[in-house]
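Given the coordinates of chain Z, assemble chain R onto it according to the supplied hints.
There are 2 protein chains.
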Amino acid sequence: MDALGTTLGALSDPTRRAILARLAVGEASVTDIAAPFAMSLPAVSKHLKVLQRAGLVTRGRSAQWRPCALDAAPLKAVADWLDGYRRFWTESFDRLEEHLQAPGREG
Amino acid sequence: MDALGTTLGALSDPTRRAILARLAVGEASVTDIAAPFAMSLPAVSKHLKVLQRAGLVTRGRSAQWRPCALDAAPLKAVADWLDGYRRFWTESFDRLEEHLQAPGREG
Chain Z
1424 MDALGTTLGA LSDPTRRAIL ARLAVGEASV TDIAAPFAMS LPAVSKHLKV LQRAGLVTRG
1484 RSAQWRPCAL DAAPLKAVAD WLDGYRRFWT ESFDRLEEHL QAPGREG
Chain R
1424 MDALGTTLGA LSDPTRRAIL ARLAVGEASV TDIAAPFAMS LPAVSKHLKV LQRAGLVTRG
1484 RSAQWRPCAL DAAPLKAVAD WLDGYRRFWT ESFDRLEEHL QAPGREG
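Protein sequences appear in the order of chains Z and R. When we follow the working numbering, the leftmost residue of the first sequence carries the number 1424, and every step to the right adds one. When we follow the working numbering, the leftmost residue of the second sequence carries the number 1424, and every step to the right adds one.
Same shape as in the complex, but just chain Z (with noise of 0.2 Å):
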């Protein structure tokens, strides 16, 4: 897998998208980040494991707290990947908008 198929991996799961929903807001401990899910601190554990291998969440050095943190960089690659792609979500749009306001079209 490379780096991108890693993070993109690690994003199709939607407990791990909820967790960076959470770090959005900024950061939290594990404790925090497990209570709205109803799901063991070592299931949320594992999914922070898969998080920060894909360089999606980073965790404090300090030894009694270490909050995971979210890291933006990998999801600025995905973006830059779906760019490639953008013209043709765009285009599917600006052809809709065209036949709508084609002329004789009535309501």
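It should be emphasised that the hints constitute simulated quantities derived from the structure, not laboratory data. Do not rely on the hints blindly, as some may be mistaken.
Note that the list lumps identical chains together, so a pair holds whenever it fits in one copy or between two copies.
[What the hints assert, rightly or not] Below are the EDC-like pairs computed for lysine to aspartate or glutamate, each with C-alpha atoms no more than 20 Å apart in a straight line:
no., residue 1, residue 2
1, K1499, D1436
2, K1472, E1450
3, K1469, E1520
4, K1472, D1494
5, K1472, E1521
6, K1469, D1503
7, K1469, D1494
8, K1499, D1425
Leaving out everything else, chain R in the frame of chain Z:
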């Protein structure tokens, strides 16, 4: 797995992303798609089925050729999801730029 997760999972494989890159050039038969890969036709077909399940590839109705085509709609859904995180990487670039332009900084 939710729809976004199915898309991200399908995209996590580098061969499947290479297939999409080929289809971005235009429609192609399974044989055409398979040509550049050191991979059996059934292996390529399996990747195509994953892409079809994710709605990223459609197949023509013609019984004989059934060309594969790119459908970018699921990619737009990924881009829309990523947009919620865009500020995280633009902010870090803004901070870098501020740092580089800070008065007193030299060469």
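> Can you tell me if K1469 and D1494 fall within 20 Å by alpha carbon in one copy, between copies, both or neither?
Replying inline: within (18 Å within a copy, 34 Å between copies)
>> Cα distance capped at 20 Å. Does K1499 pair with D1436 within a copy, between copies, both, or neither?
In response: both (18 Å within a copy, 18 Å between copies)
>> When Cα atoms must be at most 20 Å apart, do K1499 and D1425 count as within-copy, between-copy, both, or neither?
In response: Within one copy, since 15 Å is at most 20 Å while 22 Å is not.
> 20 Å Cα cut-off: does K1469 pair with E1520 within a copy, between copies, both or neither?
Replying inline: Classified as neither: same-chain Cα gap 46 Å, cross-chain 36 Å, threshold 20 Å.
>> Checking an output row: K1472 and E1450, CA cutoff 20 Å. Within, between, both or neither?
In response: within (16 Å within a copy, 39 Å between copies)
> For K1472 vs E1521, is the C-alpha pair at or below 20 Å within one copy, between two copies, both, or neither?
Replying inline: Classified as neither: same-chain Cα gap 48 Å, cross-chain 33 Å, threshold 20 Å.
>> I want to check one pair: K1472 and D1494. Are their C-alpha atoms no more than 20 Å apart within a copy, between two copies, both, or neither?
In response: So K1472 and D1494 pass the 20 Å test inside one copy only (14 Å; across, 33 Å).
> Can you tell me if K1469 and D1503 fall within 20 Å by alpha carbon in one copy, between copies, both or neither?
Replying inline: neither (28 Å within a copy, 27 Å between copies)
Hints 3, 5, 6 from the list above are not met by this structure, while the remaining hints are.
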